[in-house]
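Q: The listed protein sequences correspond, in order, to chains L and Y. For the first sequence, the numbering used here gives the first residue as -2, with consecutive numbering after it. For the second sequence, the numbering used here gives the first residue as 187, with consecutive numbering after it.
No lab work stands behind these hints, which were simulated from the structure alone. Wrong hints could be hidden among the right ones.
Straight-line Cα separation of at most 20 Å, EDC-like style, residue types lysine to aspartate or glutamate; simulated pairs [unchecked claim]:
| id | chain 1 | residue 1 | chain 2 | residue 2 |
| --- | --- | --- | --- | --- |
| 1 | L | Lys18 | Y | Asp317 |
| 2 | Y | Lys329 | L | Asp30 |
| 3 | L | Lys18 | Y | Asp333 |
| 4 | Y | Lys331 | L | Asp121 |
| 5 | Y | Lys331 | L | Glu38 |
| 6 | L | Lys18 | L | Asp121 |
| 7 | L | Lys123 | Y | Glu306 |
| 8 | Y | Lys329 | L | Glu38 |
| 9 | L | Lys53 | Y | Glu306 |
| 10 | Y | Lys331 | L | Asp30 |
| 11 | Y | Lys269 | Y | Glu306 |
| 12 | Y | Lys327 | L | Glu16 |
| 13 | L | Lys135 | L | Glu16 |
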Amino acid sequence: MVARRENESAPTKNRTTSERKSARELVITRTFDAPVRLVFEAWTTPELFRQWWVPKSSGATLLSCEQDVRVGGSYRLQLAHPRAATPMTFFGRYLEVVPNARLVWTNDESADGAVTTVTFEEKDGKTLLVMRELYPSKQALDMTIEGMDEAMPETFEQLDDFLVTRGVGAERT
Amino acid sequence: MVNTDTDAARHLRQRQLYFPWPAVDAHVILNRMAQYSQARFNVSFAALSDPVRRGVLEQLMRADASVTVLAERFHMTLTGMRKHIGVLEQAELVTTEKVGRVRSCKLGPRRLEEEAAWIENYRQLWAARFDALDTVIEELKRKEKRDGRKKRE
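Please build the complete structure, drawing on both the sequences and the hints.
A: Shown next, in the form of structure tokens:
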């Protein structure tokens, strides 16, 4: 019954935007049809957070999730993925916590990790969420984006297989 | 020469699994391929098959550089580096411009397309996440309404 009601209200029309704002910064925005207090609650309560942070489409599973949401407090997420031999751990510290307004945390699993700032702004009962990921250098962000290339050899192998089975491997010159 | 910090490399691998690229799917690659001719693809594959040329691309991601500077960095003759740059230019991975007596190299349109594709994938990950968050929030809203009714009763 609950599931049916979710379908009826299907609140998926709000558009998520992403942009590289500068050499070192990525910005994501999204509006939610709810007052700030609910968005903030869903973000900062571990039982709620774990229901949405790892989307099913990513193929990953959240093994554990600890959040001590206060200034200086830490968080730790463990994820499993069919393509990872061992679980991946993401961790860091909260630098700023302003209830219903602002969260800032570090991403300490890498020396090149970004500092993430999320702001929540309420207007007419809706919440505008802006997330900024500020990398320590242009190179660090470029490297993150470059990650795509690291996957390429595997991609090329898959492509080879595909082409061979399709019989288009033979080159025409 | 192209010395990737191992910590950063590990982080990258983590992120790739965390944010899996649709591009890893061969069908997506094939769709993209359909936009290019077979010949064009051979040019790209050939361009990326050489470690020096991959190093040059990495270098140019950090900053534009002249052919002379690149030749020095990769311990090559100017002629040798010009050949590599020529191959990268043909694949549209690099563009060059002559300013005075210096030929300056920068990333070409293909690299920028790739960056745009990455940012779009990144957006899709967050869109999926936020759609799931919507569901959690809707549940909270309903709960508040129920609790509110109870209080009034």
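Q: So, for every hint listed, does it hold in this structure?
A: The hints, checked one at a time:
1. Lys18(L) <-> Asp317(Y): Answer violated: Lys18(L) to Asp317(Y) is near 23 Å, above 20 Å.
2. Lys329(Y) <-> Asp30(L): holds (15 Å)
3. Lys18(L) <-> Asp333(Y): Violated. Lys18(L) to Asp333(Y) sits at ~42 Å, over the 20 Å cutoff.
4. Lys331(Y) <-> Asp121(L): The hint holds at about 18 Å.
5. Lys331(Y) <-> Glu38(L): holds (16 Å)
6. Lys18(L) <-> Asp121(L): Between Lys18(L) and Asp121(L) the Cα gap is close to 27 Å, so the pair fails against 20 Å, i.e. violated.
7. Lys123(L) <-> Glu306(Y): violated (25 Å)
8. Lys329(Y) <-> Glu38(L): Distance of about 13 Å is within 20 Å: holds.
9. Lys53(L) <-> Glu306(Y): Between Lys53(L) and Glu306(Y) the Cα gap is close to 18 Å, so the pair holds against 20 Å.
10. Lys331(Y) <-> Asp30(L): Given pair Lys331(Y), Asp30(L) holds - Cα atoms ~15 Å apart, limit 20 Å.
11. Lys269(Y) <-> Glu306(Y): Since the Cα atoms of Lys269(Y) and Glu306(Y) sit roughly 34 Å apart, the hinted pair is violated (cutoff 20 Å).
12. Lys327(Y) <-> Glu16(L): It is violated: about 30 Å lies between the C-alpha atoms, which goes past 20 Å.
13. Lys135(L) <-> Glu16(L): holds (15 Å)
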